[in-house]
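Peer 1: Each chain, written out:
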Amino acid sequence: MPNIFDVIIIGSGAAGVTAATPLIEAGLSIAMVDGGTAPNFQQHPTSNTTFEELRSSDTEQWQLFLGQDLSALKYIHDSHGKQMTSGNKSFIVKHSQQLPIITNNLEILQSLGQGGLSQAWGAVCDIFTNQELNLVGLPSLKTMKKHYQEVITQIGVSGKKAGFKLQPTLKVNEQAEDILRVTQSGGSYWRQNQLSIFKPMMAVLSKSIKKRRAVSYSELEFWGNQGQTMYKPDITLSELKSKKNFKYLPGYIVQTVTDKPAQVLVSAQGIETDTPKVFKARCVILAAGSINTCRILLSSFKAYDQSIPFITKPHTLTSYLNLKFLLRPQSRRVTGLCQLVISHLHKHTTDVSAQFYSYKSLLWYKLLPFIPLPTPLALTFLSLVGQALLVSDNRYAWGVEKNNTLTLRRRKTQEYLDLHYSPDPTRLNQLRNSIHRIQFGLLRMGIIPLKTVSLAHGSTAHYAGGIPVREKKGDELLSVNSQGQLWQASNIYVADSSTWSYLPAKPLTLTIMANANRIGHLVAKQAFQRK
Amino acid sequence: MKKLLYPKVLVTGAGGFIGQEVVRYLLTCGYHVKAFIHQPVSYFEPHPNLEIAIGDIAQLSDISSATKGVQACIHLAALKVDQADSYLVNVRGAKNLIHASLSHKLQLLINLSTLSTKLPVKGVYGTTKSEADQAFASSKLPTVTLLSSIVYGEPAQGVFKDLVNVSRLPVIPILGNGRQDVYPLSRTDIAVAIEKVLQLPATGNVTYDLGGKDGVTLREFLSLISHVYHKRLHPLFLEIPVGMGLILARVLEFLLPNAGINQSKVLGSTQPIEIDIKPFHQHFKFKPGSLQPNLKQECRRIHLGKREAAMYYLYVASHIGVKASPSEFQIKQLVQAFELVLGKEYRIATRLLSLPFLTGPLDTITKLVIPKCGLQKKIQITAALIETQPSSAKVLLQKNDSLRYLLRVGLTSACIFIIWFVCGGIILFLVKAEDTYA
Numbered sequence: 000m001p002n003i004f005d006v007i008i009i010g011s012g013a014a015g016v017t018a019a020t021p022l023i024e025a026g027l028s029i030a031m032v033d034g035g036t037a038p039n040f041q042q043h044p045t046s047n048t049t050f051e052e053l054r055s056s057d058t059e060q061w062q063l064f065l066g067q068d069l070s071a072l073k074y075i076h077d078s079h080g081k082q083m084t085s086g087n088k089s090f091i092v093k094h095s096q097q098l099p100i101i102t103n104n105l106e107i108l109q110s111l112g113q114g115g116l117s118q119a120w121g122a123v124c125d126i127f128t129n130q131e132l133n134l135v136g137l138p139s140l141k142t143m144k145k146h147y148q149e150v151i152t153q154i155g156v157s158g159k160k161a162g163f164k165l166q167p168t169l170k171v172n173e174q175a176e177d178i179l180r181v182t183q184s185g186g187s188y189w190r191q192n193q194l195s196i197f198k199p200m201m202a203v204l205s206k207s208i209k210k211r212r213a214v215s216y217s218e219l220e221f222w223g224n225q226g227q228t229m230y231k232p233d234i235t236l237s238e239l240k241s242k243k244n245f246k247y248l249p250g251y252i253v254q255t256v257t258d259k260p261a262q263v264l265v266s267a268q269g270i271e272t273d274t275p276k277v278f279k280a281r282c283v284i285l286a287a288g289s290i291n292t293c294r295i296l297l298s299s300f301k302a303y304d305q306s307i308p309f310i311t312k313p314h315t316l317t318s319y320l321n322l323k324f325l326l327r328p329q330s331r332r333v334t335g336l337c338q339l340v341i342s343h344l345h346k347h348t349t350d351v352s353a354q355f356y357s358y359k360s361l362l363w364y365k366l367l368p369f370i371p372l373p374t375p376l377a378l379t380f381l382s383l384v385g386q387a388l389l390v391s392d393n394r395y396a397w398g399v400e401k402n403n404t405l406t407l408r409r410r411k412t413q414e415y416l417d418l419h420y421s422p423d424p425t426r427l428n429q430l431r432n433s434i435h436r437i438q439f440g441l442l443r444m445g446i447i448p449l450k451t452v453s454l455a456h457g458s459t460a461h462y463a464g465g466i467p468v469r470e471k472k473g474d475e476l477l478s479v480n481s482q483g484q485l486w487q488a489s490n491i492y493v494a495d496s497s498t499w500s501y502l503p504a505k506p507l508t509l510t511i512m513a514n515a516n517r518i519g520h521l522v523a524k525q526a527f528q529r530k
Numbered sequence: 000m001k002k003l004l005y006p007k008v009l010v011t012g013a014g015g016f017i018g019q020e021v022v023r024y025l026l027t028c029g030y031h032v033k034a035f036i037h038q039p040v041s042y043f044e045p046h047p048n049l050e051i052a053i054g055d056i057a058q059l060s061d062i063s064s065a066t067k068g069v070q071a072c073i074h075l076a077a078l079k080v081d082q083a084d085s086y087l088v089n090v091r092g093a094k095n096l097i098h099a100s101l102s103h104k105l106q107l108l109i110n111l112s113t114l115s116t117k118l119p120v121k122g123v124y125g126t127t128k129s130e131a132d133q134a135f136a137s138s139k140l141p142t143v144t145l146l147s148s149i150v151y152g153e154p155a156q157g158v159f160k161d162l163v164n165v166s167r168l169p170v171i172p173i174l175g176n177g178r179q180d181v182y183p184l185s186r187t188d189i190a191v192a193i194e195k196v197l198q199l200p201a202t203g204n205v206t207y208d209l210g211g212k213d214g215v216t217l218r219e220f221l222s223l224i225s226h227v228y229h230k231r232l233h234p235l236f237l238e239i240p241v242g243m244g245l246i247l248a249r250v251l252e253f254l255l256p257n258a259g260i261n262q263s264k265v266l267g268s269t270q271p272i273e274i275d276i277k278p279f280h281q282h283f284k285f286k287p288g289s290l291q292p293n294l295k296q297e298c299r300r301i302h303l304g305k306r307e308a309a310m311y312y313l314y315v316a317s318h319i320g321v322k323a324s325p326s327e328f329q330i331k332q333l334v335q336a337f338e339l340v341l342g343k344e345y346r347i348a349t350r351l352l353s354l355p356f357l358t359g360p361l362d363t364i365t366k367l368v369i370p371k372c373g374l375q376k377k378i379q380i381t382a383a384l385i386e387t388q389p390s391s392a393k394v395l396l397q398k399n400d401s402l403r404y405l406l407r408v409g410l411t412s413a414c415i416f417i418i419w420f421v422c423g424g425i426i427l428f429l430v431k432a433e434d435t436y437a
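Protein chains in written order, with numbering that gives the first Met the number 0: chain U, 0 to 530; chain X, 0 to 437.
Looking at chain U on its own, in the form it has when it is part of the complex (with noise of 0.2 Å):
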């Protein structure tokens, strides 16, 4: 191990290995300093099979949906229960004791694990328009196309979106088939009201990359991932682990992070051993995700109970009964991921997205509290409708707020984050409207609107705010310039998604790894520059 490394990413997320990539092509020493935890959801044996064989064969399952120690149940009665389309909640929620919290109302979602929060996302994908990627704080389009076709080559993305070179799109299921079929043909409801319906990119394969196989959409299961076809962080991390100059630091916190003239100093404590541990770089990334990038910069700068923005998206769940579909045959084979996305469209932003799923390829358990039968008859009553059942994801959009805020404090030696989120009920009104919209053009073509949950704030895992981008040095805490270099240290650059000031209601890890991409570009040329 050398004593001084070029560079040091914190965090093994989306953000983390694709920053790393171009770093290691252009021949620097590189660690990765990491939780790197293992999930409690271990790889199981028979994953390879798809939804209905592993239902109707494996007798060890629950260890798939409910984890080795059932944690998953801890979370059936709260909000992060009611999201469907995950199962590993549980090894994302079990590290809240080590980087603790305390908030009003937020449920926020945190991972030590390998591959971060992304390694549980739903793959769906979408590329920022100018105007979306202005208010967050990143360059123009035209800088950025380069860096986004360079991720979507390294991960697959299949889709279609004009000026990218993606694979073909996916095959969806006969109800998405459907309803985009009816949109299309009479669709001047749909674009009176200025929503628009397509199919999601996604990064799923459908042309088989090195070692990871396209396994056609349709029988993929959101649970098994067979022939790695859905793109998650630790396929990187591991092409990475392979190189030789990328060294993983796994089973570490990072504290603080010191910039001296020569060299940054990463201060870290041991998850297992607890004993604290000093690694040196000439120049440091934070990728540990929003929250935890501000976390750790405020308390290297020891800026103790001075709140900074934070953002995050209210998020909505909606069940529909397509009524079309109830008696009518349907192919078995389905997935759980994303089939269609209903977006909302206002100035060119996004500011309102709908990703509806099949609820046939996951478990009914979680749509029993909203059923107001007993439960065995509502097993009965989903069993008989369940193949006619949708539910879409609301998500809207979000930007900085004066109440939003991200507070370092100390209690003795003891540091914890505090976050307040209220969002303006004015503002998510208006949002909400959108979202009756799609549920009224929904309903003329038969498919009924059963229940909208809302979900706690933070349940949708998107962080941002904290360091914004400014063009010089101004009176904010901490801020960086336009390539991600901190202002107050210049060694110090940020790659995640805590520069941003607005989230778009698009879903928006891809744009997050492009935006790694071009630093770890940029630093890589100061690097080299340097030496």
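Any given hint could be a false lead.
Derived contacts from chain X toward chain U, CB cut-off under 10 Å, selection only [said to hold, decoys possible]: (1) 315; (2) 317; (3) 383; (4) 390.
Derived lysine-lysine pairs resembling DSS-like cross-links, with alpha carbons at most 30 Å apart [to be verified]: (5) X:160 with X:305; (6) U:450 with X:371; (7) U:159 with U:141; (8) X:104 with U:323; (9) X:160 with X:331; (10) X:284 with X:295; (11) X:393 with U:170; (12) U:450 with X:393; (13) X:286 with X:160; (14) X:212 with X:230; (15) X:139 with X:104.
Please keep in mind that the hints were generated in silico from the structure rather than gathered at the bench.
Beta carbons are placed, not taken as given, at the ideal position from N, Cα and C, and that holds for glycine.
With chain U's structure known, arrange chain X on it following the hints.
Peer 2: Quick look at chain X alone, frame taken from chain U:
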């Protein structure tokens, strides 16, 4: 660690009352166990040396693939009720097993049978089992057949469960005079006994009587159960003549096919049998525990939380057609989940335990009135655990597209709902004891 004569063992009927215990015990002894089960249910805690094979013993192909790679087989699969497919499982199953074992060159077969095969007049169970025993005895495979007496243990199942239930009554009915000898054996001891057989090399086909240390009459056994379980010192008995018992069994069998009483049981509990348990004890150096302390120990294992968990399981599972009684592992899992989710507020609904049929009405009414009460939480957790059982997939993934089916299920459900709703409303009106909803 001592070297095992038969490192890999197949257990048929592994999901049963005795099977679950045998698998657990063999795993602790270091065996590699292949558990052959009929219902796809998680019976066992995951273990590196445990392999699950799901299949039907009446299908030669299923049992044939299960016997591959094992050195010995413990045959416990049997149907204990007088059902039409008793013959299929008990006789055809045994013949299939012998055939498969011969073709895969197994070195030992342990066949657990019943002392009912010695009865002069046999019921269906006795007849089918003794036919199976003859097949084993005449096979070219070294077979040890164990004719077992009554097996007791918690959670009570089978004959023992009937005895526990009967001994609760103010006047205990007893068929015949109740003077015939039984050698009750605890479930732990029977697993030990089977493992003892695995320790010695096989020597041709032999048959042993298997029983516990102490012999008692059926009447004595019943009063002991009544004493240990229900704290009654001097229970009253009512002798029912055999003939009347048989008629009663006939009628009940006709009306309620799954009733506790059937011809085999009547015949089994009324005829005296010659039992000699000593040869087995001597040959295999088997020392079972004494009856009374063992029974007390088993009784102490009754856990209110477990009984509650089983009650919710039965309630949720009954309507989606999953195997009726939960396995011990599932109950353990449920109790663990309740404690995990409900934490300190976890209370056992003791009142509901004595009136389990009220679960439906209470579930219906609390779902509408108190949706966040403990009862709702527990039932939802139970539903989650049942749903992650493969046996539930058959119903929950079902695709019935016919309108007629939809209407039938819909109407039945509506009726159940109305009845439960009314009952639940009345209960809620009458009882305001919070304990009930815990």
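Peer 1: Please go over all the hints and tell whether each is borne out by the structure.
Peer 2: Structure-based check of all given hints:
no.: 1; hint: 315; in the structure: holds, 5 Å
no.: 2; hint: 317; in the structure: holds, 7 Å
no.: 3; hint: 383; in the structure: holds, 4 Å
no.: 4; hint: 390; in the structure: holds, 9 Å
no.: 5; hint: X:160 with X:305; in the structure: holds, 16 Å
no.: 6; hint: U:450 with X:371; in the structure: holds, 18 Å
no.: 7; hint: U:159 with U:141; in the structure: holds, 19 Å
no.: 8; hint: X:104 with U:323; in the structure: violated, 58 Å
no.: 9; hint: X:160 with X:331; in the structure: holds, 20 Å
no.: 10; hint: X:284 with X:295; in the structure: holds, 25 Å
no.: 11; hint: X:393 with U:170; in the structure: holds, 27 Å
no.: 12; hint: U:450 with X:393; in the structure: holds, 27 Å
no.: 13; hint: X:286 with X:160; in the structure: holds, 25 Å
no.: 14; hint: X:212 with X:230; in the structure: holds, 24 Å
no.: 15; hint: X:139 with X:104; in the structure: holds, 11 Å
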